[in-house]
Each structure stands twice: as C-alpha cells, then as structure tokens.
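Chemist: Line order of the protein sequences matches chains Y and U. For the first sequence, the numbering used here begins at 7 and goes up steadily by one. For the second sequence, the numbering used here begins at 2 and goes up steadily by one.
Heads up, a few of these hints could be off.
[Stated by the list, open to error] Once the Cα atoms are required to be at most 30 angstroms apart in a straight line, the calculated DSS-like pairs of lysine-lysine come out as:
no. : chain 1 : residue 1 : chain 2 : residue 2
1   : Y       : Lys11     : U       : Lys90
2   : U       : Lys3      : Y       : Lys44
3   : U       : Lys123    : Y       : Lys235
4   : U       : Lys123    : Y       : Lys44
5   : Y       : Lys202    : U       : Lys123
6   : Y       : Lys44     : U       : Lys4
7   : Y       : Lys247    : U       : Lys123
8   : Y       : Lys11     : U       : Lys86
Since the hints were made in silico from the structure, they are not lab data. Nothing here was measured: the structure is a model prediction, and the numbers come from that model.
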Amino acid sequence: MSKFKNRNLIRVVVFSSLLLILAGSIPALRPSLLNVFKIPLYLFNAVRREASGMVFYHRNYVQNERLNNEINFLKNRINEFNEVNLENKRLKELLSLKQKTPYKVIAARVIGRSADNWSSVAIVDRGRSSGIRRGMTALSYLGLVGRVIDAGESTSKIMLINDSDFAVSALAQRSRQEGLVCGALGTHLLMRYLPKDADIKSGDTIVTSGLTHMYPKGLLIGTVADVDKEFSGLSQYAVIKPAVDLSGIEEVLIVIQQ
Amino acid sequence: MKKWIFFILVLAAVLLEATVLNSFRLFYAKPALVFTCVVLSAFYLDLGPALLLALFAGILQDIFSASLYGIHTLLYPVWTYLIIKVTAKMSLENDYLRMGLAAIFLLIYDIFARLVLISLGKPALALGIFLRITFFELFYTSAVFLLLSKFIRPTVSE
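Next up, chain Y with everything else stripped away, as it sits in the complex (with noise of 0.2 angstroms):
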C-alpha cells in the first residue's frame, strides 16, 4: 500500500514539475507558436467583421454617416494647412533651418486580440521579417496604440495602451503638467499621480512627454474626460479618453525608425 501511495506521488511531484517548467517556458515559445495561427486569425477575423457588420448595421451606418461629414470638413481644414505649410517651407529654407525627420513607419493589420478578459493585446500580420522588434512603438493616424512586446517571424504582439500593465509619461499639452497614463482594462486610461493643485481640466489634451524614452514626444494619447481626487486625497487622477478607438482598430503603424 505504501508502495503505490509512493509511486502516485512521485507521479504527481514529476507532473507538477513538468508542468511548472512548461508553464514557464510559455513566453519563450509563444512568438513561434503564434506564427502557426496566423492563417486560422485571418480567417475568423473575416468572420468576425462580417458578423459584427450584420449584427450592428444601424449602428455601423449612422457612424458611417457622421465619419463621411467629418471627411468632408477635414478635407477642408487639410487644404487650408497646405497653404501654411508650404508658406512654412518657404520661411524655413529662407532661414536655412534643417528639416525634422518623420518617423518611418510600417503598416499592420490587426488579425487578433487577446484571448482573456485581463489582458488587452493586439496581434498584426507583420513581423522579425518585416523589421519589427520588440519595445518598437504602435501608432495610428490618430495617436498612440501600444508598443510591441513580443514578435515572431511573421506575426507580433502588441500591448495596447488600455492594458493594466501600460505605463507612459505624459502631461497636459496646455499646461504642461506631467503624469503617468495608466491602462485600466475599459474605455478609458487614467493619468495618475497628479499634484493636489495640478492645473489639469476636462477637455485638456494630453500627449506623451518622451520622458519614457520609447515613446517619441508629443504622441496623441487622448483628452481629459474627468479629474478626480484620489481616495488618500494627497493627489489627484485624471480620466482620459484614448484618441483611438481601441475596440475598433483594423490597423496599426509600427514605429521601425525615429
């Protein structure tokens, strides 16, 4: 009897070790893992738009309405900007000053999500391959959307900045007060560790400060929706409204060159 308890319990101690080494060995493989389902993602992220198409059409065509006028009242300001940024050039080669370099940047598309409810994490279609590195820094045409944290030969992984582990410095474009944006898993970040007298308001703009040296300066984050008082009432936090819709996106650009 002793025997067989002795020999179900070495079963169990080798299992759980075995298990324990595999659990941690997970973060290793998983960018070589993912590659395998890049083909079965594109294929249910098909599914996924056209479901989400029919389900929500209503939705989907009075946004659709909306976007198109807000189309056409860019265009409009985009045409004005035109004409203060060649006046801009002209001024600048008069002057002789160097121009900045923008950014060089590669498109992704966005083929998957995260698989839980506690984390938030995008997978695009791009990766090693294609020069993608890990820490690289994900942005759209409307402001920041995470960074990498990991990448495979033709897929990457990116945390999006609504993501409990996220942390960026940023501050207040107006007054140029600084915070650290946080993700809090919603619709919304906070922007933490604020001063009991910051000058900080609805609306205000923030961007990020480049203090986090991955993150170029003066990417949109969002706007101020609500300032609060912290529970200890030694500080304040700020809720903040991503400039970009997380739930939506379709696709990111990745930051290969600064």
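On the provided structure of chain Y, position chain U as indicated by the hints.
Modeler: Showing chain U alone in chain Y's frame:
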C-alpha cells in the same frame, strides 16, 4: 471520438475568443469560452484525457495572452483535476447545477490567478476594475456554458 470533439471545440473556442467575441463584449468582458470547454471536458472525459486537454487549452490561451508566465498552462490542469474529484463525490447531471459549479470555479479561478500573478510581481489590478470584469464575465460565461452544455450533451453522451 469524444476527445476529438473537445479538442476541436477548444481550438475553435480560442480562435473565437481572439477574434469574433471581441465585437460582442459586455462592459469590456467576454465569455471565458476556453474555460467553459475545459470544465465541460472535465464532466465528460476521464482524468488522463481531460488533463491533457486542459494542458493543451492552457497553452493555447497563454499564446494569445500578454502575461509573463504561462498561468493558464499551470492552472487549467489543476482546475480540471479538482472538478473531476468534486464531481466524483457528487452527481451533477442537471445543466443548471453544472452551470452553477462552473461559475463558482470561474470566480475562484479569477481570484487565484490574480493572486498568483501578484506574487510573481505583476502589479495588482484596481478592485473596481477586477469586480466589474469578474461580474460580467461570470454572467456572460454562465449563459454561454448553458447553451454549450445543451449542445454538447446529445453529441458526447453514450
């Protein structure tokens, strides 16, 4: 045959959770479809196959998550073992009872997984956020569990 049905179910569940279900979130929570499949397999399969399936499901779920440690790989087999031991002690043929047990296990699993990750150095999530996600995830998963259970039962019952 049963094992293959659950194997395909787990594979489909992971891909659905990573793609389609993101468009159907409720207050930022989606149903824990992979967990549901693991619990259902514990009700219908023997210990060995259920543990292997749980391990496979855990690895798949960890591939799509951002955690520094393979938490699902570690905990899914443990949870399957516990469910099998519990159901050996009490007979649970009713779908609603099974749904209740699955909801309890999901709640304990969420709390335990958070504690394990905190002990590994991950920052603690705010209580309000944790409660919001847990509550809606429980509600949504229970509804999906009931539907899936009714679909699975005639397919895998001998």
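Chemist: Does each hint fit the structure? Answer for all of them.
Modeler: Verification of the supplied hints:
1. Y/Lys11 <-> U/Lys90: 21 angstroms, holds
2. U/Lys3 <-> Y/Lys44: The given pair, whose Cα atoms are some 27 angstroms apart, holds under the 30 angstroms limit.
3. U/Lys123 <-> Y/Lys235: Holds. Lysine 123 of chain U to lysine 235 of chain Y sits at ~25 angstroms (cutoff 30 angstroms).
4. U/Lys123 <-> Y/Lys44: 28 angstroms, holds
5. Y/Lys202 <-> U/Lys123: 28 angstroms, holds
6. Y/Lys44 <-> U/Lys4: 25 angstroms, holds
7. Y/Lys247 <-> U/Lys123: 25 angstroms, holds
8. Y/Lys11 <-> U/Lys86: Holds - the C-alpha atoms of lysine 86 of chain U and lysine 11 of chain Y are around 17 angstroms apart, at most 30 angstroms.
When held up to the earlier numbered hints, the structure conflicts with none and fits them all.
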